[in-house]
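S.K.: Residue strings, one per chain:
Protein chains: 2
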Amino acid sequence: MVRIAFFGPEGTFTEQAARNLAGGDQLFPVETIPAAFDAVRSGAAEGACVPVENSVEGPVTATLDSAVDGDPLVGVAEALLPIRFSVLTRADAPDPPRTVASHPHALAQVRGWLGEHLPGAEQRVASSTAGAAVGVLEGQYDAAVVAPVAAEHYPLRVLATDVADLADARTRFLLLRRPGPLPEPTGSDRTSIVVAAANRTGSLAGLLAELAMRGINLTRLDARPVKGDYGTYRFFFDFEGHVAEPRIADALAALRRRSTEVRFLGSHPRADGVAATLEAGAGNDDFAAADAWVEAVRKGELA
Amino acid sequence: MVRIAFFGPEGTFTEQAARNLAGGDQLFPVETIPAAFDAVRSGAAEGACVPVENSVEGPVTATLDSAVDGDPLVGVAEALLPIRFSVLTRADAPDPPRTVASHPHALAQVRGWLGEHLPGAEQRVASSTAGAAVGVLEGQYDAAVVAPVAAEHYPLRVLATDVADLADARTRFLLLRRPGPLPEPTGSDRTSIVVAAANRTGSLAGLLAELAMRGINLTRLDARPVKGDYGTYRFFFDFEGHVAEPRIADALAALRRRSTEVRFLGSHPRADGVAATLEAGAGNDDFAAADAWVEAVRKGELA
Chain Y
1 MVRIAFFGPE
11 GTFTEQAARN
21 LAGGDQLFPV
31 ETIPAAFDAV
41 RSGAAEGACV
51 PVENSVEGPV
61 TATLDSAVDG
71 DPLVGVAEAL
81 LPIRFSVLTR
91 ADAPDPPRTV
101 ASHPHALAQV
111 RGWLGEHLPG
121 AEQRVASSTA
131 GAAVGVLEGQ
141 YDAAVVAPVA
151 AEHYPLRVLA
161 TDVADLADAR
171 TRFLLLRRPG
181 PLPEPTGSDR
191 TSIVVAAANR
201 TGSLAGLLAE
211 LAMRGINLTR
221 LDARPVKGDY
231 GTYRFFFDFE
241 GHVAEPRIAD
251 ALAALRRRST
261 EVRFLGSHPR
271 ADGVAATLEA
281 GAGNDDFAAA
291 DAWVEAVRKG
301 ELA
Chain C
1 MVRIAFFGPE
11 GTFTEQAARN
21 LAGGDQLFPV
31 ETIPAAFDAV
41 RSGAAEGACV
51 PVENSVEGPV
61 TATLDSAVDG
71 DPLVGVAEAL
81 LPIRFSVLTR
91 ADAPDPPRTV
101 ASHPHALAQV
111 RGWLGEHLPG
121 AEQRVASSTA
131 GAAVGVLEGQ
141 YDAAVVAPVA
151 AEHYPLRVLA
161 TDVADLADAR
171 TRFLLLRRPG
181 PLPEPTGSDR
191 TSIVVAAANR
201 TGSLAGLLAE
211 LAMRGINLTR
221 LDARPVKGDY
231 GTYRFFFDFE
241 GHVAEPRIAD
251 ALAALRRRST
261 EVRFLGSHPR
271 ADGVAATLEA
281 GAGNDDFAAA
291 DAWVEAVRKG
301 ELA
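Going down the list, the sequences are from chains Y and C.
In terms of UniProt numbering, the first sequence has 19 at position 19, counting the first letter as 1, and numbering is strictly consecutive.
In terms of UniProt numbering, the second sequence has 22 at position 22, counting the first letter as 1, and numbering is strictly consecutive.
Next comes chain Y alone, as it looks inside the complex (with noise of 0.2 Å):
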């Protein structure tokens, strides 16, 4: 039986993409980010689901350290999630609810709905949106603003479901594992590196310039700061392809030269199923091709 820790409790978002992303596999709920980590790390599980970006909040910056913190997993798959939440309330509880509960981003992306339909509501904070369901049933709130999945956890009443101000607000989770075969390239593929680059003028334009270079197309960029050591940074690179194609890894090696840290965090199909683009003299073949043609002319054969 392959094991999944997600970072829980149950009832949230995290299980939500856990069960997308896990087929059969058995789900546990692990209380940290960094938790469900080192549950893959220490072999009591084979794999983590965990979220990595939110379209309002941005990165989960718990997620990227804990991806350079211990030894290296990979991501193997995402879920890409819409966030649009249910209100529980007790069947007991007032009506209106006089008090509303939930994690501060959730709250933070309901914040126009409760006012307009929950404006008496004093709004508390939860450790998590689940943490605010166990709250209501447990007489501490009124009302919690939850992922849908909560409802079939808690036996609470549904007072409203699809609640957003932003109609396409989204998280993506990743499914992680430790390092081993990867998933096959696609065609619309995401591949993941975190790199340090040197404190000096034009460090980071000249990783950035490798990618573009060679006409790969980069879909995210966060800089966490190194902890303990004010002013240098790592980044977070997400780009399009895969590590199977040329163009990609002649990109990684060519960072791998330029820095003095890299660390891959995976190559695998994307969520949203978008192709990657391809600039002319990018593809596998015109890689080959070049490659070809270098060879001969070592050996004195082409010029």
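Wrong hints could be hidden among the right ones.
Claimed, not checked - Taking beta-carbon pairs under 10 Å as the criterion, some of the chain C residues facing chain Y (in silico): (1) 158; (2) 204; (3) 219; (4) 279.
To be verified - Partial chain C-side listing against chain Y, Cβ under 8 Å, derived: (5) 28; (6) 209; (7) 212; (8) 217.
Claimed, not checked - A few chain Y positions that, by computed beta-carbon distances, are all more than 12 Å from chain C: (9) 93; (10) 260; (11) 274; (12) 277.
It should be emphasised that the hints constitute simulated quantities derived from the structure, not laboratory data.
Small disclaimer: the values here were computed from a predicted structure and weren't measured.
Cβ atoms here follow ideal geometry from the backbone N, Cα and C, with glycine treated the same way.
Fit chain C to the supplied structure of chain Y, relying on the hints for placement.
M.R.: Okay, now just chain C, sitting in the frame of chain Y:
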């Protein structure tokens, strides 16, 4: 009397930064970071003090987003505070305290200290460090992890000072004003802009190359998702130099040509006093001499 709004409540690191930056100006707290920006935009204040970056947690996303939403404001000064906490208790609280509260970011930065010195204390989440101090006063918690300045506002006992897991954690704060005369260049300046890059291969690399080619050292880059437009980003750049210098003016003009949206966020002295690196050929005289040469070529006087 010049009025400076700061992201409150009173007794936080932001108040400490505002005191350092405001001289004899009148300070008043506002509830949120967007409210601090709005106070200046509306004319309720002449300036605002907000945090922009922490060396452990990274960028303060509410500050970045507020800089884009609404009329432009510019940073005219910055303060860099070491983040070392004090722990306060009520005189009649249990010893050792059974509960300790703070903002989640503060708790994260003293996790090791709490584990060592208050291992039995349950950790509670408060809306701010100063809010935790109020909770201690009101008997809701036994102890609070706060900014040192909080001890001046709340009649609580100081249990510990200089509390920090990482010795050199720092937060940088900005003093913002409406656009107007800029601070004079000092040779140790920081310029900040936000740029929307086109969503195509190499666009960010091209923007950074404009800086690198002119020998301009990037000190920070943050990507923020554009709300409601999944997969598109704005980039916040901080770099060495002052827009009064030709190499910076030249680079800003190039960025303006290459991007759909650029906003100038200020040129002001760096709090850490680090002198700008200046590559050969990038000095003010070099730019003046090169411009003079091109002008002479245009007139047919030189070749």
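S.K.: At a threshold of 10 Å, is the proposed contact between residue 158 of chain C and chain Y supported by beta-carbon distances?
M.R.: violated, 27 Å
S.K.: Mind checking the CB of residue 217 of chain C against every CB in chain Y and telling me if the closest is under 8 Å?
M.R.: Check passed: Cβ of residue 217 of chain C comes within 4 Å of chain Y, closer than 8 Å.
S.K.: Against chain C, does residue 260 of chain Y hold up as non-interface, every C-beta pair farther apart than 12 Å?
M.R.: holds, 17 Å
S.K.: For residue 93 of chain Y, is the shortest CB-to-CB distance to chain C above 12 Å, so the non-interface label stands?
M.R.: holds, 23 Å
S.K.: Far enough from chain C: is every CB of that chain over 12 Å from the CB of residue 274 of chain Y?
M.R.: violated, 8 Å
S.K.: When the nearest CB of chain Y is found for residue 204 of chain C, is that gap smaller than 10 Å?
M.R.: holds, 6 Å
S.K.: When you look at the beta carbon of residue 277 of chain Y, is every beta carbon of chain C farther off than 12 Å?
M.R.: violated, 6 Å
S.K.: Please check whether residue 279 of chain C passes as an interface residue: C-beta within 10 Å of a C-beta belonging to chain Y.
M.R.: holds, 6 Å
S.K.: Holds or violated: the hint that residue 212 of chain C contacts chain Y, with Cβ atoms closer than 8 Å.
M.R.: Result: holds, 3 Å to nearest chain Y Cβ.
S.K.: Quick one, is the residue 209 of chain C hint okay against chain Y at 8 Å, beta carbons?
M.R.: Where the cut-off is 8 Å and the nearest Cβ of chain Y is about 5 Å from residue 209 of chain C, the hint holds.
S.K.: Is the interface hint satisfied for residue 219 of chain C? The criterion is a beta-carbon contact with chain Y at less than 10 Å.
M.R.: holds, 7 Å
S.K.: Under 8 Å, Cβ to Cβ, is where residue 28 of chain C needs to be relative to chain Y, so tell me if that hint holds or is violated.
M.R.: Status violated, d = 24 Å.
Checked against the numbered hints given earlier, this structure breaks hints 1, 5, 11, 12; the rest are met.
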